[in-house]
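As given, the protein sequences belong to chains A and B, one line each in that order.
The opening position of the first sequence corresponds to residue 1 in the numbering used here, with each subsequent residue numbered one higher.
The opening position of the second sequence corresponds to residue 331 in the numbering used here, with each subsequent residue numbered one higher.
The set of hints was computed from the structure by calculation and includes no laboratory data.
Take the hints with a grain of salt, since some may be wrong.
What the simulated footprint calls covered on chain B by chain A, stretch by stretch (three residues with Cβ under 8 Å from a Cβ of chain A suffice, anywhere in the stretch; the number is not a length) [as the list claims (entries may be wrong)]:
(1) 369-383
(2) 402-416
(3) 426-434
Residues of chain A clear of chain B, computed beta-carbon distances all greater than 10 Å [stated by the list, open to error]:
(4) Glu41
(5) Ser42
(6) Val45
(7) Gly104
(8) Val117
(9) Ile152
(10) Asp170
(11) Phe177
(12) Gln189
(13) Val196
(14) Ile238
(15) Phe322
Just the calculated beta-carbon pair ranges, DEER-fashion [as the list claims (entries may be wrong)]:
(16) B/Glu547 <-> A/Leu128: 43 to 51 Å
(17) A/Glu25 <-> B/Glu451: 56 to 64 Å
(18) B/Gln465 <-> A/Phe11: 35 to 43 Å
(19) B/Met331 <-> A/Val235: 47 to 55 Å
(20) B/Ala435 <-> A/Ile152: 36 to 44 Å
(21) B/Pro367 <-> A/Leu81: 34 to 42 Å
(22) B/Ala420 <-> A/Ile30: 35 to 43 Å
(23) A/Asn144 <-> B/Trp515: 41 to 49 Å
(24) A/Leu4 <-> B/Pro519: 51 to 59 Å
(25) B/Gln452 <-> A/Asn144: 32 to 40 Å
(26) A/Tyr135 <-> B/Arg400: 19 to 27 Å
Quick caveat, the model's predicted, so the values are computed rather than measured.
Using N, Cα and C, we set each Cβ at its ideal position, and we do this for glycine too.
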Amino acid sequence: MFSLATVATVFLCVCVGSVNLPLNETLRVIWNAIWGLPQPESMSVPIILSVRLPRVLCVALSGAALSICGGAMQGLLKNPLADGSTLGVSSGASLGAVIAIAFGITLPNVPFAGTVVMAMAFAFLSLLIILSLAYKIDYSLSTNTIILIGVIYSMFVSSILSLIITFASDHVKNITFWTMGSLLGASYQNALLLLVALTICGAVILRHTRELNAFAISEDNARHIGVPVRRVKLVLLIAVSALIGVCVSIGGTIGFVGLVTPHMVRMIVGPNHQRLLPASLFGGAIFLMLADLVARILLNPVELPIGVVTSFIGAILFVVIFYRSRRVRT
Amino acid sequence: MTLLDVKNLTVRYGALTILDDVNFSLNEGQWLMIVGPNGAGKSTIVNAISQGVPYTGEIRYLDRDVKRYRSHELARNIGVLSQSHFVGYAFTVGSVVRLGRYAYAPGVFSGNREEDERMVEQALELTGMTRFADQSVLTLSGGELQRTFLAQLFAQNPRVLILDEPTNHLDLVYQKQTFELIRSWLKTPGRAVISVVHDLSLARAYGTHALLLDKGETVSRGAAADVFTPEHLNKAYEMDVSAWMRTMLGQWTARRDGTETENE
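Extracted from the complex, chain A is given alone in its bound form (with noise of 0.2 Å):
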């Protein structure tokens, strides 16, 4: 049923936009492309694969990431409000793209791609600073020390970011708007990566969803019957932290989406992650997919940052969502 909702969804953003694309039409030229028939000549089919698909794609894919590691991570720290940032790897991404952005650094013919790599490259720093840090103060990995470190290196790295955008201040525009997240320049490179990471760190996350139902349950019970608890945590976090990495490199900071998703399919699917996960991976593609739909439609032609109508969106209907299901209940 996600999956389905999942598809009809891609349809309908491709379709819908500055210019309305009619369903068949965009149809025939998705399926020509696919197959590599002869193109109509019609201006929608730039139009269409050139701009919409690989933004939908990207879209999609970065929804799915997103949620799918929000709901790990609320499960594997026990934590409602943990998501996939908590850990502070999304932040030092955040600090790889600006430096890129403040100190003009590209790779030659490839525009986007200076952010993008410096982006990665910092979030794979951070990830074993933040990881041999946790090491060092406590053997075990705790869950609150993880928390800790997380907060810690997130608002330290946020010192540093405040720092460069007082000294570069002809980049703030372009600071602030990667900041919001954004997924102007999404290209078919970019959503292969992303389904390249999405595959490989998703495929480790869901095959520990037994793992993640005794951690939400408690950490000492996990350790009780048998679960290895150290060494779960540290292929998760890894799993975790290297997704998010390569979606923030991609697509900047989106906000609420891993943290609100899993908490919208747990009021549907229950909190047993063998079908949270894969449940939030569908609803966050489709929440995404729509929040950035609204970006684009609402004040077109000016384009609002998806973070924004994310956050908007995320917390408006996230308030409905458990208001209805609290009454329900009670």
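With chain A fixed as given, assemble chain B onto it according to the hints.
Just chain B now, kept in the frame of chain A:
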């Protein structure tokens, strides 16, 4: 046969010594009661055996250091019930109990579904939780939650049960039921139980052996009858324990005409 052998177990947090050189062993068929006043280090022994706190000394299961067992191997042999439970999300009772089977199928595709289901149903039955199986754990009372985790432990089916305050939150009926249940569980050869117990009367009634601790040090250990002497208890609790017990029980002694005495 000796199942568990604990040697020179010492636990320190910085300068604070929680457990100081504790030794004991557990043989098949024994029920060892760990007793002592608050802060004696009773729960810390449980946490050390389940690898939840760093310690010095050695804990051997079947003559092999527990640190050398893989997590699921250890969980199939030694099962632990925590003192308190706090579940964050609305899992069903059934899914919590089913996690007890994790140690038998640590991989995704390993495991025997029918055997798992049979053990889960049996565990729910034993603890009287069958009718709660599809209910969310967030809606349970403290006692029902305790029995849920007890059921998880029975589904795990270990050789040694380690119970930290097993009748915490339980009313008299379930206290009695739980202790009777564990006693009959123990009748199968090859099994043993360690439990941390506050209620000295329960400890004395059900324990075959006992370990009396005070401030991390061993006051007495051995057969229950040898440990529960006024001399040892008074030393550990710094009060006249048996006099207090007699006063408490005296309230309930029946008069000759069969009715109970009034409080004096």
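Status of the hints after comparison with the structure:
1. 369-383: holds (count 3)
2. 402-416: Three-residue rule met by the region 402-416 of chain B, so holds; n is 11.
3. 426-434: Answer holds; 5 residues pass the 8 Å Cβ test.
4. Glu41: holds, 51 Å
5. Ser42: holds, 48 Å
6. Val45: holds, 44 Å
7. Gly104: holds, 46 Å
8. Val117: holds, 35 Å
9. Ile152: Holds, since 22 Å exceeds 10 Å.
10. Asp170: holds, 47 Å
11. Phe177: Correct as stated: the minimum Cβ-Cβ distance to chain B is 37 Å, above 10 Å.
12. Gln189: Fine: 32 Å to the nearest Cβ keeps A/Gln189 off the interface.
13. Val196: For A/Val196, whose nearest Cβ neighbour in chain B is about 22 Å away, the distance exceeds 10 Å, so it holds.
14. Ile238: holds, 19 Å
15. Phe322: Since the minimum Cβ distance to chain B is about 13 Å, A/Phe322 lies beyond 10 Å and the statement holds.
16. B/Glu547 <-> A/Leu128: 43 to 51 Å: Taking Cβ atoms as reference, B/Glu547 and A/Leu128 lie about 44 Å apart, which means the hint holds.
17. A/Glu25 <-> B/Glu451: 56 to 64 Å: holds, 57 Å
18. B/Gln465 <-> A/Phe11: 35 to 43 Å: About 41 Å separates the Cβ atoms of B/Gln465 and A/Phe11, which means 35 to 43 Å holds.
19. B/Met331 <-> A/Val235: 47 to 55 Å: Once the Cβ atoms are compared, 37 Å apart, the range 47 to 55 Å for A/Val235 and B/Met331 is violated.
20. B/Ala435 <-> A/Ile152: 36 to 44 Å: holds, 39 Å
21. B/Pro367 <-> A/Leu81: 34 to 42 Å: holds, 38 Å
22. B/Ala420 <-> A/Ile30: 35 to 43 Å: holds, 41 Å
23. A/Asn144 <-> B/Trp515: 41 to 49 Å: Once the Cβ atoms are compared, 36 Å apart, the range 41 to 49 Å for B/Trp515 and A/Asn144 is violated.
24. A/Leu4 <-> B/Pro519: 51 to 59 Å: Hint holds: Cβ distance 56 Å, inside 51 to 59 Å.
25. B/Gln452 <-> A/Asn144: 32 to 40 Å: holds, 37 Å
26. A/Tyr135 <-> B/Arg400: 19 to 27 Å: The hinted range 19 to 27 Å holds for A/Tyr135 and B/Arg400, with Cβ atoms some 22 Å apart.
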